[in-house]
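Asks: Turn these sequences into a full structure, and let the hints steer you where they fit.
Protein chains: 2
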Amino acid sequence: MSRAKAQTKQSSYISRDSSRSYFLAVFVSMVLVFVICSLTETLPSFQNRISTTGADTCNGEPPAVNRTHDPKQATFYDEPELTYTLGKTIKDWDKKRKSWLNLHPSFAAGADTRILIVTGSQPSPCKNPIGDHLLLRCFKNKADYSRIHGYDIFYNTACLDPKLCNVWAKVALIRAAMVAHPEAEWIWWMDSDAVFTDMYFKVPLQRYKQHNLVVPGWPDMVYEKKSWVSLNTGSFFTRNCQWSLDFLDVWARMSPRSPDYKFWSETLMSTLSDKMFPGADEQSSLVYLLLTEKKKWGDKIYLENQYDLSSYWVGVVGKLDKFTRTEADAEKNLPLLRRRRAEVVSESVGEVWEKYLENNTASEGKRPFITHFTGCQPCSGSHDPSYVGNTCWDAMERTLNYADNQVLRNLGFAHRDISHGSYVSPLAFDFPSEVLQRKKSGEEYNR
Amino acid sequence: MSRAKAQTKQSSYISRDSSRSYFLAVFVSMVLVFVICSLTETLPSFQNRISTTGADTCNGEPPAVNRTHDPKQATFYDEPELTYTLGKTIKDWDKKRKSWLNLHPSFAAGADTRILIVTGSQPSPCKNPIGDHLLLRCFKNKADYSRIHGYDIFYNTACLDPKLCNVWAKVALIRAAMVAHPEAEWIWWMDSDAVFTDMYFKVPLQRYKQHNLVVPGWPDMVYEKKSWVSLNTGSFFTRNCQWSLDFLDVWARMSPRSPDYKFWSETLMSTLSDKMFPGADEQSSLVYLLLTEKKKWGDKIYLENQYDLSSYWVGVVGKLDKFTRTEADAEKNLPLLRRRRAEVVSESVGEVWEKYLENNTASEGKRPFITHFTGCQPCSGSHDPSYVGNTCWDAMERTLNYADNQVLRNLGFAHRDISHGSYVSPLAFDFPSEVLQRKKSGEEYNR
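Here the protein sequences come in this chain order: A and B.
Be aware that the first sequence starts at 102, since it is given in my numbering, and climbs by one per residue.
Be aware that the second sequence starts at 102, since it is given in my numbering, and climbs by one per residue.
Possibly wrong hints are sitting among the right ones.
Note: identical chains are not told apart, hence a pair may lie in one copy or across any two.
[Stated by the list, open to error] Below, simulated BS3-like cross-link-like pairs (lysine-lysine); rule was C-alpha separation at most 25 Å, straight line: (1) 173 x 433; (2) 228 x 196; (3) 363 x 199; (4) 173 x 303; (5) 456 x 173; (6) 326 x 401.
It should be emphasised that the hints constitute simulated quantities derived from the structure, not laboratory data.
Note that the structure is predicted; figures quoted are calculated from it, not measured.
Replies: In structure tokens:
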């Protein structure tokens with residue numbers, strides 16, 4: 102009886118208050134939501150909240166992705182004519198991708214900044230005896246970077262197009278990756294011999310809102326010097342959009358897939374000022390497309406040289422000890438940097454690092470984001486003859502250990518000597534300030 | 102003036118309605134939240150909502166993790182006495198980890214099922230000429246599995262304890278990983294030569310609610326036969342909890358770190374019925390702990406043999422073609438299985454696969470979850486002499502390509518012949534049913 106009474110009372114309550122109470126309730130609800138949001142660390146701006154796709158959540162974070170939700174509604178995957186291979190045009194990709202995202206709302210939220218790193222190497226063992234070991238460690242380096250930043254990574258060892266099992270392999274792989282990964286806004290190609298040397302730098306995606314392909318390069322060297330090394334295709338990223346699909350097809354028309362491959366080879370040799378070897382490679386072809394079809398493609402291609410998206414290793418390796426000193430100085434000066442933390446939130450110090458390095462011009466230099474072992478050819482072993490003896494392999498070992506130190510720090514360890522990957526030591530609490538204190542008191546830090 | 106007027110009006114509105122309206126507002130807010138939640142695909146049960154830590158969201162999905170949020174409040178990382186190394190006891194770990202999760206609510210949501218896969222190999226190049234190539238491809242295989250299921254993966258090439266640079270290395274690494282990854286509930290060790298051969302199988306974590314260590318094994322072989330191969334430490338996972346930290350310390354007391362290593366070596370030889378080689382290895386030591394301290398540790402150790410957490414490769418490789426036929430049959434029978442989809446939602450077919458294989462006893466066998474190349478020693482090359490010639494390497498190549506076919510399918514390709522990693526072909530739409538149709542009409546499928 103008392104329960105029925107309470108229900109009746111509640112019902113009459115609502116009907117009596119009618120519209121005035123309704124608007125009040127909505128207002129108070131909004132206030133409540135605002136208060137709840139205010140209690141979280143970051144108060145999301147309304148701008149941000151509007152820009153997401155409806156799967157947004159109370160605390161401003163998009164929800165975790167739902168890997169088991171794949172509704173029955175038809176998507177582009179159900180179109181028999183759609184292929185993962187180059188050459189067969191896909192139409193209305195932007196619309197198709199958007200429809201897929203709408204059917205998968207947990208992926209739609211946060212899609213704008215989602216990156217898939219793709220890399221790979223040949224299917225068979227390397228000729229160079231330590232080639233595969235170096236490739237293994239280069240992959241580990243990329244997997245570390247991807248884990249720290251929450252990016253997906255795909256390592257490919259298959260040749261997806263029998264005519265593109267060389268420098269062009271990346272173009273076929275990017276095309277397939279775009280179709281297989283509609284959740285990713287950017288597909289980031291990394292050569293197997295490119296190494297992340299600043300584990301905490303994040304690419305400034307907001308800079309590329311108007312662009313669809315970001316490649317390290319220098320406009321004057323492209324348009325004035327017409328140099329084949331005016332840009333570098335060892336590390337670049339393309340937006341997962343119709344423009345990129347079209348561009349990849351146009352690009353691949355200069356590859357060995359094309360009946361005009363010989364023509365392109367000769368044309369590149371005669372057009373580019375410093376191309377001394379035959380064959381239309383993917384890097385020279387990209388320079389050529391910028392030179393000859395600037396209006397059509399150039400506006401959407403960002404030549405990035407404000408940070409090292411592909412730094413030449415020769416200029417880097419000699420400075421690794423200097424970078425280490427700079428970083429130790431920074432850690433001594435800023436307790437926040439030397440504070441231990443979980444690896445999953447180690448990205449939080451990235452910006453602190455950046456600011457410190459920018460403001461400390463007296464420091465011994467800023468580590469490059471990515472170091473590329475151009476000319477080393479670790480797998481074949483047939484490096485540029487100017488790199489005598491083990492120069493290349495020693496440099497790769499040092500660079501990989503230098504980068505690994507940034508990862509191991511979160512595990513409580515460090516390579517004492519970056520020339521030898523084998524030896525690591527546990528880090529003392531409050532390192533490196535503790536080291537200083539111990540050294541002052543004559544105590545040894547290392548075991 | 103009008104703005105001031107409106108503000109005054111609103112204020113008086115609230116004060117006049119007082120408590121009655123307030124309760125109404127709260128009620129309507131709750132109804133609104135309920136309605137919004139109802140509109141999402143899955144209505145979260147209140148049970149689920151209560152079990153999470155407050156960072157749960159309107160649509161029942163936990164929020165995406167926030168990698169930049171690391172509050173200033175002290176955590177266990179700020180305790181000078183806490184180390185990442187074995188031997189120094191950590192106390193109150195469960196409480197400390199919980200406090201960390203409370204400070205990082207985006208990681209607290211979903212923490213129960215979060216897995217970090219850890220694996221690794223020696224710091225230097227392999228002696229076996231194709232050793233590093235096989236390790237590279239084994240790592241790629243694990244990275245593929247991790248990406249498909251959204252797990253993190255860490256590949257270690259450093260020796261974290263100078264006395265444990267052998268089969269015991271995993272124990273030191275797991276200890277460090279637990280401290281460095283409080284967000285992960287489970288740390289899953291995988292030997293470098295263990296290969297995921299069912300990319301879509303997920304370990305049934307709900308089965309292990311009462312357990313802290315899950316290792317493939319057979320109770321009768323442990324307790325009756327006292328065999329050192331009664332379990333396999335090539336693939337096992339431990340809960341990130343106080344019990345595991347304590348257990349790792351006890352386990353490591355039988356390792357070369359211990360002054361009693363020789364004693365343990367002799368004790369294991371005399372206790373275990375079939376241990377024919379000297380040295381206290383980590384697998385024999387685990388069997389010994391189960392035998393002698395069952396009451397203390399055994400109840401929390403799950404010996405898993407209902408699925409292949411570490412299947413012996415010799416019994417697997419000959420069946421790979423049969424598995425391929427079973428899978429093709431399944432795909433021909435169930436359009437859902439052969440439907441193309443984005444890799445990120447490919448996990449959605451895992452359960453469909455499992456059910457099909459369970460219900461089709463006439464099929465040619467179920468692929469193992471993990472295949473372990475025990476005795477092959479791909480890096481040193483000094484395999485068990487009973488595996489003649491290239492048996493081991495050929496078996497690894499075939500197994501890796503077999504597994505890779507499950508990954509490549511989502512990229513629109515397949516290895517035509519799993520004996521050769523080089524050759525892949527694009528898959529026709531609606532494969533394999535399309536193949537049948539084409540074959541019927543005399544048309545070739547492969548180029």
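Asks: At most 25 Å between alpha carbons: which applies to residue 173 and residue 303, within, between, both or neither?
Replies: between (37 Å within a copy, 23 Å between copies)
Asks: How would you label the pair residue 456, residue 173 (within, between, both, or neither) given a Cα cut-off of 25 Å?
Replies: between (48 Å within a copy, 19 Å between copies)
Asks: From the Cα coordinates, with 25 Å as the cut-off, is the pair residue 363 and residue 199 best called within, between, both, or neither?
Replies: neither (39 Å within a copy, 65 Å between copies)
Asks: Is it within, between, both or neither when you check residue 326 against residue 401 at 25 Å Cα-Cα?
Replies: So residue 326 and residue 401 pass the 25 Å test inside one copy only (21 Å; across, 69 Å).
Asks: With 25 Å as the alpha-carbon cut-off, assign the pair residue 173 and residue 433 to within, between, both or neither.
Replies: between (57 Å within a copy, 18 Å between copies)
Asks: Is the C-alpha distance from residue 228 to residue 196 at most 25 Å within one copy, between copies, in both cases, or in neither?
Replies: For residue 228 and residue 196, the Cα distance exceeds 25 Å both inside one copy (45 Å) and across copies (52 Å).
Violation of the numbered hints given earlier is confined to hints 2 and 3; the remaining hints are satisfied by the structure.
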